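Chain by chain, the residues run as shown.
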Amino acid sequence: EAQVTQNPRYLITVTGKKLTVTCSQNMNHEYMSWYRQDPGLGLRQIYYSMNVEVTDKGDVPEGYKVSRKEKRNFPLILESPSPNQTSLYFCASHRLAGTSYNEQFFGPGTRLTVL
Amino acid sequence: RKEVEQDPGPFNVPEGATVAFNCTYSNSASQSFFWYRQDCRKEPKLLMSVYSSGNEDGRFTAQLNRASQYISLLIRDSKLSDSATYLCVVNLPIKAGNMLTFGGGTRLMVKP
Numbered sequence: 766e767a768q769v770t771q772n773p774r775y776l777i778t779v780t781g782k783k784l785t786v787t788c789s790q791n792m793n794h795e796y797m798s799w800y801r802q803d804p805g806l807g808l809r810q811i812y813y814s815m816n817v818e819v820t821d822k823g824d825v826p827e828g829y830k831v832s833r834k835e836k837r838n839f840p841l842i843l844e845s846p847s848p849n850q851t852s853l854y855f856c857a858s859h860r861l862a863g864t865s866y867n868e869q870f871f872g873p874g875t876r877l878t879v880l
Numbered sequence: 021r022k023e024v025e026q027d028p029g030p031f032n033v034p035e036g037a038t039v040a041f042n043c044t045y046s047n048s049a050s051q052s053f054f055w056y057r058q059d060c061r062k063e064p065k066l067l068m069s070v071y072s073s074g075n076e077d078g079r080f081t082a083q084l085n086r087a088s089q090y091i092s093l094l095i096r097d098s099k100l101s102d103s104a105t106y107l108c109v110v111n112l113p114i115k116a117g118n119m120l121t122f123g124g125g126t127r128l129m130v131k132p
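Line order of the protein sequences matches chains A and B. Sequential numbering from 766 applies to the first sequence in the numbering used here. Sequential numbering from 21 applies to the second sequence in the numbering used here.
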C-alpha cells in the first residue's frame with residue numbers, strides 16, 4: 766500500500782529536549798515536505814527536499830532541521846524545542862514531473878506538545 | 021494580503037443542499053490548483069485537481085477563473101459525510117521549489 770508514515774503520532778516533551786520525528790514514504794517520490802498546522806494559520810511549510818541531499822527552507826524553518834540521506838526518509842529534528850513549536854505536524858511527498866504538480870500524499874500527522 | 025485566501029466558514033447546510041466555496045490567489049503565475057479535503061485531526065487528502073476548462077467528479081465541480089484569480093468548488097446534493105474542511109491549494113512559482121501554498125480552509129458542516 767502506497768503511504769507516508771510518521772512516528773511518533775503523539776509526543777509530549779519539555780522545553781530544550783531534542784527530538785526527532787521520522788517520516789518515510791514507499792512511493793519513490795523525489796519531493797518531500799514538512800508542514801505545521803495551527804488554528805487560524807493553516808498549513809505552513811517548514812522545509813522541503815527535492816531529492817537526496819537537497820533540502821531547503823520553507824516559510825517557517827526557524828527552530829527546525831531536516832536531512833535527506835535516503836530517498837524514502839525525511840526526518841524533522843527539533844534541537845531545542847520551545848512551547849511555540851506545539852503544533853500538528855504533517856510530512857508529505859509527491860512525484861516531481863517537470864514544473865507540474867502531482868498529488869501530495871500526507872502522513873497521518875504528529876501532534877507535538879512542548880511544555 | 022495572504023497568498024491564498026478562503027472564507028473560513030463554517031458553512032452549515034442541510035443534507036441535499038448545494039454549496040459553493042471560493043478561493044482567491046495572489047500570484048498570476050500560478051499554474052497548479054487543487055482542492056484537498058481534511059477531516060478533523062486527520063491528514064489532508066486530494067479531492068480534485070482544478071483544470072482551466074473546469075472539471076467535474078460526481079457531485080463535485082471545480083472551476084478556475086484565471087482573469088479574476090479565483091477557484092471555486094461546488095458540491096451538489098450534500099451528504100453528511102461531506103462534513104470536513106476544504107483546503108484550496110495553489111503553487112507559487114516565484115518561490116524556490118515551486119512551493120505549494122495552502123489556504124486556511126473552509127469548514128463545511130452538513131446537518132440532517
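One or more hints might be untrue.
Derived DSBU-like pairs: lysine-lysine, alpha-carbon spacing no greater than 30 Å straight-line [to be verified]:
#1 K783(A) with K830(A)
#2 K99(B) with K62(B)
#3 K62(B) with K783(A)
#4 K830(A) with K782(A)
#5 K836(A) with K99(B)
#6 K834(A) with K822(A)
#7 K131(B) with K65(B)
#8 K822(A) with K62(B)
#9 K834(A) with K782(A)
#10 K830(A) with K22(B)
#11 K822(A) with K783(A)
#12 K783(A) with K836(A)
#13 K62(B) with K22(B)
#14 K782(A) with K99(B)
#15 K834(A) with K131(B)
#16 K836(A) with K65(B)
#17 K62(B) with K131(B)
#18 K783(A) with K834(A)
#19 K62(B) with K834(A)
#20 K99(B) with K65(B)
#21 K822(A) with K836(A)
#22 K822(A) with K782(A)
#23 K830(A) with K99(B)
#24 K131(B) with K99(B)
#25 K22(B) with K822(A)
#26 K99(B) with K822(A)
#27 K65(B) with K22(B)
#28 K782(A) with K836(A)
#29 K830(A) with K62(B)
Pulled from the structure, derived: some chain B residues nowhere near chain A, Cβ distances all over 12 Å [stated by the list, open to error]:
#30 Y56
#31 R79
#32 L84
Label pairs and their computed distance ranges (CB to CB) [said to hold, decoys possible]:
#33 R86(B) with K783(A): 25 to 31 Å
#34 K783(A) with P113(B): 16 to 22 Å
#35 K65(B) with R809(A): 17 to 23 Å
Worth flagging that the hints you see were computed from the coordinates, not collected in a lab. All of these numbers come straight from a predicted model, not from anything done at the bench. Glycine is no exception: its CB is placed at the ideal position from the N, C-alpha and C atoms.
Keeping to a limit of 30 Å between CA atoms, is the pair of K99(B) and K62(B) held or broken?
-> With a Cα-Cα distance of about 19 Å, the restraint between K99(B) and K62(B) holds, given a limit of 30 Å.
Is it true that the CA of K131(B) sits at most 30 Å from the CA of K99(B)?
-> Between K131(B) and K99(B) the Cα gap is close to 8 Å, so the pair holds against 30 Å.
Does the no-contact call for R79(B) survive, Cβ to all of chain A over 12 Å?
-> holds, 20 Å
Has the given pair, K22(B) with K822(A), been kept, meaning a C-alpha gap of at most 30 Å?
-> holds, 19 Å
Assertion that Y56(B) lies outside the chain A interface [Cβ separation over 12 Å] = violated, 8 Å
Does the structure keep K62(B) and K22(B) at a Cα separation of 30 Å or less?
-> holds, 24 Å
Take the C-alpha atoms of K822(A) and K62(B), compute the straight-line distance between them, and say whether it is at most 30 Å.
-> holds, 25 Å
Taking 30 Å as the top limit, are the C-alpha atoms of K836(A) and K99(B) close enough?
-> Since the Cα atoms of K836(A) and K99(B) sit roughly 40 Å apart, the hinted pair is violated (cutoff 30 Å).
Given the hinted pair K834(A) and K131(B), is their alpha-carbon gap at most 30 Å?
-> Violated. K834(A) to K131(B) sits at ~48 Å, over the 30 Å cutoff.
For the pair supplied as a hint, K782(A) and K836(A), is the alpha-carbon distance within the 30 Å limit?
-> holds, 27 Å
Under the criterion that the straight-line Cα-Cα distance not exceed 30 Å, is the pair K131(B), K65(B) satisfied?
-> Holds: K131(B) and K65(B) sit about 22 Å apart, inside 30 Å.
Taking the CB of R86(B) and the CB of K783(A), does the distance hold inside 25 to 31 Å?
-> At roughly 46 Å between Cβ atoms, K783(A) and R86(B) fall outside 25 to 31 Å, so the hint is violated.
Of the numbered hints given earlier, the model fails hints 5, 14, 15, 23, 26, 30, 33 and 34; all others are met.
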